[in-house]
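> Chains as they are written, first to last, in our numbering: chain A, 1 to 329; chain B, 1 to 329.
Simulated from the structure, these hints should not be mistaken for lab results.
In this list, chains with the same sequence are indistinguishable; a pair is considered to hold if it fits within one copy or across any two.
With a straight-line cut-off of 25 Å between C-alpha atoms, the simulated DSS-like cross-links for lysine-lysine are: (1) 151 - 264; (2) 264 - 3; (3) 259 - 319; (4) 296 - 112; (5) 16 - 259; (6) 259 - 3; (7) 296 - 83; (8) 275 - 197; (9) 259 - 275; (10) 112 - 319; (11) 99 - 319; (12) 275 - 151.
Just so it is clear, the structure is predicted and the values come from calculations on it, not from any experiment.
2 protein chains.
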Amino acid sequence: MSKIRVGIVGYGNLGKGTELALRQTPDMELACVFTRRDPSALEILTADVPVYAMDDIEAHKNDVDVLILCGGSATDLPVQGPKLAEMFNTIDSFDTHAKIPEYFEAMDAAAKKGGNVSIISVGWDPGMFSINRLYGSCILPEGETYTFWGKGVSQGHSDAIRRIDGVADARQYTIPIDEAVEAVRSGSNPQLTTRQKHLRECFVVAKEGADKAKIENEIKTMPNYFADYDTVVHFISAEELQRDHSGLPHGGFVIRSGKTGLNKETNHIVEYSLKLGSNPEFTSSILVAYARAAVKLSREGVCGAKSVFDIAPAYLSPKSPAELRAEML
Amino acid sequence: MSKIRVGIVGYGNLGKGTELALRQTPDMELACVFTRRDPSALEILTADVPVYAMDDIEAHKNDVDVLILCGGSATDLPVQGPKLAEMFNTIDSFDTHAKIPEYFEAMDAAAKKGGNVSIISVGWDPGMFSINRLYGSCILPEGETYTFWGKGVSQGHSDAIRRIDGVADARQYTIPIDEAVEAVRSGSNPQLTTRQKHLRECFVVAKEGADKAKIENEIKTMPNYFADYDTVVHFISAEELQRDHSGLPHGGFVIRSGKTGLNKETNHIVEYSLKLGSNPEFTSSILVAYARAAVKLSREGVCGAKSVFDIAPAYLSPKSPAELRAEML
Numbered sequence: 001m002s003k004i005r006v007g008i009v010g011y012g013n014l015g016k017g018t019e020l021a022l023r024q025t026p027d028m029e030l031a032c033v034f035t036r037r038d039p040s041a042l043e044i045l046t047a048d049v050p051v052y053a054m055d056d057i058e059a060h061k062n063d064v065d066v067l068i069l070c071g072g073s074a075t076d077l078p079v080q081g082p083k084l085a086e087m088f089n090t091i092d093s094f095d096t097h098a099k100i101p102e103y104f105e106a107m108d109a110a111a112k113k114g115g116n117v118s119i120i121s122v123g124w125d126p127g128m129f130s131i132n133r134l135y136g137s138c139i140l141p142e143g144e145t146y147t148f149w150g151k152g153v154s155q156g157h158s159d160a161i162r163r164i165d166g167v168a169d170a171r172q173y174t175i176p177i178d179e180a181v182e183a184v185r186s187g188s189n190p191q192l193t194t195r196q197k198h199l200r201e202c203f204v205v206a207k208e209g210a211d212k213a214k215i216e217n218e219i220k221t222m223p224n225y226f227a228d229y230d231t232v233v234h235f236i237s238a239e240e241l242q243r244d245h246s247g248l249p250h251g252g253f254v255i256r257s258g259k260t261g262l263n264k265e266t267n268h269i270v271e272y273s274l275k276l277g278s279n280p281e282f283t284s285s286i287l288v289a290y291a292r293a294a295v296k297l298s299r300e301g302v303c304g305a306k307s308v309f310d311i312a313p314a315y316l317s318p319k320s321p322a323e324l325r326a327e328m329l
Numbered sequence: 001m002s003k004i005r006v007g008i009v010g011y012g013n014l015g016k017g018t019e020l021a022l023r024q025t026p027d028m029e030l031a032c033v034f035t036r037r038d039p040s041a042l043e044i045l046t047a048d049v050p051v052y053a054m055d056d057i058e059a060h061k062n063d064v065d066v067l068i069l070c071g072g073s074a075t076d077l078p079v080q081g082p083k084l085a086e087m088f089n090t091i092d093s094f095d096t097h098a099k100i101p102e103y104f105e106a107m108d109a110a111a112k113k114g115g116n117v118s119i120i121s122v123g124w125d126p127g128m129f130s131i132n133r134l135y136g137s138c139i140l141p142e143g144e145t146y147t148f149w150g151k152g153v154s155q156g157h158s159d160a161i162r163r164i165d166g167v168a169d170a171r172q173y174t175i176p177i178d179e180a181v182e183a184v185r186s187g188s189n190p191q192l193t194t195r196q197k198h199l200r201e202c203f204v205v206a207k208e209g210a211d212k213a214k215i216e217n218e219i220k221t222m223p224n225y226f227a228d229y230d231t232v233v234h235f236i237s238a239e240e241l242q243r244d245h246s247g248l249p250h251g252g253f254v255i256r257s258g259k260t261g262l263n264k265e266t267n268h269i270v271e272y273s274l275k276l277g278s279n280p281e282f283t284s285s286i287l288v289a290y291a292r293a294a295v296k297l298s299r300e301g302v303c304g305a306k307s308v309f310d311i312a313p314a315y316l317s318p319k320s321p322a323e324l325r326a327e328m329l
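The shape of chain A in the complex, shown without the other chains (with noise of 0.2 Å):
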């Protein structure tokens, strides 16, 4: 069987994490990158590998098995998707949980009409996550799912307070509160509120002369952000910044505390947890996996959107079903 081939949409963080997972599979490789930027300008890590404009996307269908769309949800991914899903097959992380059912929608409808799979909202939140939160609550119907994200690093969070008059540079930290995550742990199934689940931790660059008490004000009381939620704002230098602070590590975990028995007198609790050192490189990686499902899919005649909860485990593998009975069940 000849390799998979992938094609990336946007040299970001999110593709430059892809072309890194695809040095990993034995059974893919990146056969070009797309790129709203001059591709002449861009260069990538991959020796040889064709970077094209995204206007010419359309002439470069037959180079690619499938595509992995790196762009944003907020502007990139809805109007882009579904043109891509009518050419290709497609992965994307798309990430608005409220707008996913018309994201499928108009995907679903694309893919159908082209005769492709696209697999939406891949990541580990909508992702993995999604499936742990899914199969804890189908293997013990009656208790709570909780999930808790970090330490790590919120980029919508970050640009907030970036957007703030003053304001040179930020990286804002999403920290669970240890004691919400050893209640969920103890099986009580605590009621948590927001404030009580999350810490934010803000490391603001203050531009020269700026006004920190109004800067900290503005980040403490911002609505959706911050407002909800126990803030901690320290001010540092640029350099600080850069030394301490550039990675882009993240986690989290999701915990079902169900009960069984004659009189629910049997707790159970399921966690699964990631400590990452890199989010876009671990979300490209699952990214590249499911690419690798979607092709199979494909080939099996099978086309219209797909999200995580409608993919086997199985497709996820370069192994036979029977490799992975015999080595893995």
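For this one, chain A is given, so just place chain B on it according to the hints.
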């Protein structure tokens, strides 16, 4: 849609757990129990549900949508499984790892002959742990997977002690060794021997006048079961065993420690952990969720044997894929 009618084969710990788990599902119901004992002598928890003799099972083909086989892997399932798979959709927890390929082939042939779906080796290991080993290795292809079991009661090891001359009763706990777990969680990818991973702790009731030193020596040197481990033996009274060790708690972890990045410089740790108040009740809850999946697949016209690797997560849920996307993705 009418409720899924479930038949239980074998009314031991797992059969009882299955009966309890079915009380927690909105869309499934216990239809009947099959036993090799005298059916009139078997009292079950659920009122008005019939108990039939195993020998009459064929007569009840149309009373049941799926059978949950609650027999053991050593002698029950290899004989029962293929016979029943020809007549019914089935779920089992076949857990003799080395014989899974052979058992799968027998079940696949029988299920295909009867036009049924048989999902084999369902539970937490094999089962949920296997799924996590698979997801981990697909997402992080360069890395190591570690499985730890416990702290929990191993029924096989407890039975092995009970067979020693002079032993009245016994309970054995498998205990993961903290240093090994922490070394794995650190991302150092250690090579661990059997002895470094788990400790075995035994609580033994000796018969009156038995030679305790001899019993302890026989336990500690028993090949396969204990010789490769550090084993601690405590002699206690029958009352203490009953009071302190009558439950069947269990649990464990699957940890995937993998690396990404240009020079494999980024560490990621994925951990799935279980803390189970009752091993048979949790296992039964998994069997019931997969029984739902078997019936859904069968209604779609699928037939043959499957493992948990072949079942998309959405099939385990009573909710539709659209509901799942809206609520849980």
